[in-house]
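Enquirer: Top to bottom, those sequences are chains R and G.
Numbering-wise (the working numbering), the first sequence opens with residue 1 and increments by one.
Numbering-wise (the working numbering), the second sequence opens with residue 653 and increments by one.
One or more of the hints may lead you astray.
A few chain G residues facing chain R, derived, Cβ under 8 Å [claimed, not checked]:
| hint | residue |
| --- | --- |
| 1 | 661 |
| 2 | 663 |
| 3 | 690 |
| 4 | 805 |
| 5 | 826 |
I should point out that these hints are in silico values taken from the structure, not numbers from a laboratory.
Bear in mind the structure is a predicted one, so any value in this text is a computation, not a measurement.
Built from N, CA and C at the ideal position, the CB exists for glycine as well.
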Amino acid sequence: MNFFEHQDQARRNTKKLVGLFILAVLTLITVASVFISAVVYHYQASKPPVNQLQASALEGYASLPLWLNPEIFMLTAACVLGTVIVGSLFKWMQLSAGGQAVAEAMGGRQIQPNTDHGGEQQVLNIVEEMAIASGLPLPSVFILDSAAINAFAAGHNHHDAIIGVTQGCIDLLDRDQLQGVIAHEFSHILHGDMSLNMRLVGVLHGILAISLIGRLLLHAGRPGYRRGFSRRRSNNKGSGIALVGLGLLIIGYIGSFFGSLIKANVSRQREFLADAAAVQFTRNPEGIGQALQKIGGFSHGSQLNQANTEEFSHLFFGEVSRFSSWMATHPPLPERISRILPQWGGQYPEVAQPVTIEENNSAYSSEATSQFSGENPAASSAPPQPTAIDSIGELGTEQLQKARQLLNDIPRRLKQAAGDAFSARALIYSLLMKDSATEVQGSQWQQLKTGCHPVVYRHTEQLFQTVQQLPAELMLPAFETCLASLKTLSEPQYQVFKKNVMLLIRADKKVSVFEWCLYRMLTNNLEAKRPSPRLIDLKRASSACEDLLNNVCLLVQGTPQTAEAAFNKAANTLALKINYTAQQEPHFQHIDQALQTLRQVKPLQKPQLLKALACVIEHDGKITIAEQELFRAIADNVDCPVPPLLAGQALC
Amino acid sequence: MELSSIITWLVIIGAVFYVIGIYNRLVALKNRFENAFAQIEVQLKRRYDLIPNLVETAKGYLKHESETLEAVISARNAAMSGLKSAANNPGDSASMQQLGSAEGILGSAMGRLNVVMEAYPELKANQNMMQVSEELSSTENKVAFSRQAFNDAVTAYNTYKQSFPPVFFANTFGHSNDAELLEFADSAELQSAPKISF
């Protein structure tokens, strides 16, 4: 299966999830209605019916068993359904803030991009490498203060994804093992599991809401409860409320039981997949295998006792709580390990809790010497090089090496600047001025002088020389390394920054490919967007395709003649009826609008679209760096992360 | 149960979730400014690590100014312990003020040192010295910047806490005190700088 098929499957799993959910809610309604009917009947049998309406209702259904009153049944059903819907919607709204909301709900602490702690720095480095190698935007990393070994990924889409690791992960795992764990989480991000999991959290919260209300009622109706509204009530009624509360609590527990079953059903298979993907990404089964073994051998294992973790249990790397095996959200540890390391003997290593948290920088030295393992020549004996579209969502040794090399090639000075929100802005300003003509640069400097703080201006001056010598290939990667620290800007700070970026881009009255890519990636990553749940068929998006291809043709082909030829070729591969329109110059706004529609195209049809795009770009037989960037940025906008292009790699 | 009781029921459920929502939002905003404080912490730590370097270099030239140097070092140590307690509970009024005043004392001690150093041109020309003071002033700007981000986050938290429905619940949920802004007596350069536009 490739990236698109995985995405498609995640979508189909959502349908399965909805089916199971409806089943669970129906069962709940039945149980709750029967229970409440019985309670009401019990109280009404002991006294005469209170009012006329109820009396007539009871008469009307005399043929049914008395305790199963259809009216009460309907009302209860409506209440339960209402509760579930309100509960789900509420959680859905809360989670719409994205992955960060999940991490914050669990008390996560964000790792600062310029942290001086060796272990934290190492995690950031690994995540950065993997992000660049897979073409994903850099996710923020959070730490959960727990000694256990565990990790999670959360978010609705690539742009608001975050990765969380426990302190135990940092303290107990070495670099290869940590890389295995992070690769597992990247697989969840890439394969669409993450957004599926977020939906799961929302839906299950609706079911759990019932037990929450049950607990509340039980508390309110307790005989000893002598406050507020319950004081005026007779003991009889109080115990009635308590009984209803108890019933709801039990029903709620039945609900959460169903919830766990659903979670287990949806999530367990995906864990095997993510383990396999982690091996594939790192080409190193030892790493993730040993990490799992350490969980087995460690007294804390992967169990977390943070608040709210149960709700998110299916997001994690390992089992969060000790459950019986058929409620577990993860497959049993031994089975996972033996699938990765078939020769494993079933022995767990002894893992002792670290006595003190090491603050030294040993991580740096291990980093320098860490060899990329799994480079055995037999396994990688010259397979045909996959094309860029084939490698979407895949991550191989070559991509990782390429990512490391790119990161290495970025001058140290720039990397330092990127690690800090203050100087990262200066870096981005200078990237935007780098390719301007001299007189435009003059006006850009002028704008900066009035638009930004004098110290940032001075920083920009200092960085500009280094940036000017930066090869074009490194410009976007250098920008990407800034994203993590830019995420720490406060809202007012971001607005000022964005205004300056706009001014610099507009200084020459036209937008270059690099400027567009930078601006798109910046806003996609720093401004939260709501996910679009509706999928559309490519055929219905043909006008958007037409718009996109028309503009891209004009951008990448010099003359109208070649542009038309390239367009027709692309139209042929798409098998859509779209027409070339002659334009004077490309409009980026049209590309933006088209991409908004194309984002919702069904996953299995996206490769077609990207192939058409590649066809246009490759029409003249060469791929410039600007074209590469354009391709990657467009693909990123339709949620397909393209890894950096390897030397001599074809697009399609 | 009648229609009215269903409606009552739904209203109760809605209200419960709304209150839970307030609780969660308060927690999220608090987390956010605590994370923002971590940014300041990183920068301040770097600053406190640089100061001994500066003093060490200056020592060789400023034989007769040991008082000034000692004042810098002790102010630095005081600020460092202030940072430690502030990092444990960012937003707490007492520790924010402690850190703020410790930073203010450190700032003025550094200012005096700078004035003294004016009299020693060969010290100012020292390569090592130039490097350290450049790094120091760059760190100071970063501190000011992350402090701004922190104060923005604190303001967002306080505003939400004091806004209409949350104001009734904030106390119950353990968010009784407003978080404190972190104010330093800033160095001259930053004060003379134009407002906002960071």
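Enquirer: Hints broken by the structure, by number, lowest first?
Expert: 2, 5
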